[in-house]
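Visitor: Here the protein sequences come in this chain order: A and B.
If you read the first sequence in my numbering, its first letter stands for residue 14, the second for the next number, and so on.
If you read the second sequence in my numbering, its first letter stands for residue 480, the second for the next number, and so on.
Some hints could be false.
[What the hints assert, rightly or not] Here are the computed distance ranges between Cβ atoms for each label pair: (1) B:Pro720 <-> A:Ile263: 33 to 39 Å; (2) A:Leu38 <-> B:Gly579: 56 to 62 Å; (3) B:Leu580 <-> A:Glu88: 31 to 37 Å; (4) A:Glu160 <-> B:Val587: 30 to 36 Å; (5) B:Glu714 <-> A:Leu38: 42 to 48 Å; (6) B:Leu511 <-> A:Arg134: 42 to 48 Å; (7) B:Phe543 <-> A:Phe35: 41 to 47 Å; (8) A:Arg149 <-> B:Ser716: 29 to 35 Å.
[As the list claims (entries may be wrong)] One-sided and incomplete, this derived list gives chain A residues near chain B with beta-carbon spacing under 10 Å: (9) Ala73; (10) Lys96; (11) Leu97; (12) Glu98; (13) Phe107; (14) Tyr110; (15) Arg173.
It should be emphasised that the hints constitute simulated quantities derived from the structure, not laboratory data.
What you are looking at is a predicted structure, and each value in this text was computed from that prediction instead of being measured.
Backbone N, C-alpha and C fix where the C-beta goes; we use that ideal spot for every residue, glycine too.
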Amino acid sequence: MNAPAWSPDQPIVSLKDVHKSFGSLEVIKGVSFDVMKGEVVCVIGPSGSGKSTLIRCVNALNDIQSGSIKVLGREVHSPDLDKLELRKMVGMVFQQYNLFPHKTALENVMMAPIKVLKRARAEAEESARALIRKVRLEGKEDAYPGELSGGQQQRVAIARSLAMAPDVMLFDEVTAALDPETVKEVLVTIKELAAEGMTCILVTHEMGFAREVADHIYFTDRGVIVEHGPPDTFFDSASDPRTREFLSQIL
Amino acid sequence: MDAFSEWFLWLHKEHGVKLTIFYDEWDRGRFLWGIWTTIRLSFVCIILSVVIGIVGAWLQMSRFVWVRSVVQGYIQFFRNTPPLIQLYFFYFAVDAALSGLLGTRGGVLDSFGWAVVSLSFFAGAFNVEIFRAGVEAVPRSTAEAAEALGYTRGQVYRYVTLPLAFRVSLPALNNNLINLLKTTTVAYAIAAPETLYVANQIWSDEYNVQEMMNVVWVVYIVLVGILVWLMNRWERSIRVPGFGR
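Starting from the given sequences, assemble the full structure and let the hints guide the process.
Guide: This is how it looks when you write it as structure tokens:
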């Protein structure tokens, strides 16, 4: 199959009328949005509104019932999608870090390039060390995840994902399991990534951070996008009563 | 004759303790061969049963119901029947059936070969369950992270699930492998020349049942001791800081 051409003037991620159910429970009821290259998009909303499920659909960890999700012009839920190709394009960071506990920080970062991309070990190790420095963990290369704090583990997880040189990064409530003090160190790392032009889709509860870093905010409730807009408009003059109620509880 | 043998000869002459294996060339030879056979039999069965366990636990995650049913049937059959009967079944029934089918004369495998097959399947059935428990203890989310990095299902199992499952499974695996080593004595029944079989030959010839029984105890205590020591060393060497305790 020839990969459909994608040019930078088209959305790098494009969702059209996406529906997703778990059994008879429909959790996403027709969501559409576009993300352009280099954009930072935050998805916020109450628990159980389908935010995490939505971004898990973008790299095919969840399937969808109908609609379309395209990443760099490729249909994610087409049967002849090359999953490896998709996962090279889309990196993901999880709430619970999900590091490989039997591998050191360095090995966690360099394993996928070696096993999946078949890169030479020396080359992979060199880039892995650079990424560990980038997330400010030099000196922790040989530590096991169990020896690192939550914030440190999450930064290793970000480096591990970056090692695959993705075009888009997905962040699924990556600070939700962290102590308030360590949240900041992870957010700084993400902010730096965003500043470098990485396309990011974040599901987050950090409203201050979302306001600061996002180009666009989407508010989801019960499986639909209730309201969206640039951060200033969104936070200061939300029009939908549901959004206003949510923001009043949080801010 | 060296001083060592002299001393055991003296022990026999003066005190009636008849340990021919220490001064009789022939008895020593066959007894050492028996121990060596036990070691080889245990070693091959340990390797094969672990391979069966790993493959079986992998197949139990298959999306095809019939594959899971076959594995389940295998486990039930070998776990719920006595190993001695399994051994007889392979050595007499399966061997005869295969010989007839292939037209070979004098059996397809010798007694050692059938002991390997039978005991590997026997211990393998337990290993499948042991590894399955380990695999189920690995959080789904850890495997999912590997998937998100582009690992194939096979790579996820090999590089993430299995290494973690192994660490969880090791204490139970130790128990089963120790049992396997001890169960190699059933090969006695089909005349595979392992420790118990040669000991029996020696005591029949030399009328030294008591002495040889004690020697057999010691041999198994030492062999199992070595296995336990190796497994513990291995367990320590793959221990990961902050995981599982």
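Visitor: Would you mind marking each hint as holding or not holding in the structure?
Guide: Going down the list of hints, with the structure as the test:
no.	hint	in the structure
1	B:Pro720 <-> A:Ile263: 33 to 39 Å	holds (38 Å)
2	A:Leu38 <-> B:Gly579: 56 to 62 Å	holds (59 Å)
3	B:Leu580 <-> A:Glu88: 31 to 37 Å	violated (52 Å)
4	A:Glu160 <-> B:Val587: 30 to 36 Å	violated (54 Å)
5	B:Glu714 <-> A:Leu38: 42 to 48 Å	holds (44 Å)
6	B:Leu511 <-> A:Arg134: 42 to 48 Å	holds (45 Å)
7	B:Phe543 <-> A:Phe35: 41 to 47 Å	violated (23 Å)
8	A:Arg149 <-> B:Ser716: 29 to 35 Å	holds (32 Å)
9	Ala73	holds (9 Å)
10	Lys96	holds (8 Å)
11	Leu97	holds (5 Å)
12	Glu98	holds (9 Å)
13	Phe107	holds (6 Å)
14	Tyr110	holds (8 Å)
15	Arg173	holds (7 Å)
Hint violations for this structure: numbers 3, 4, 7, all remaining hints satisfied.
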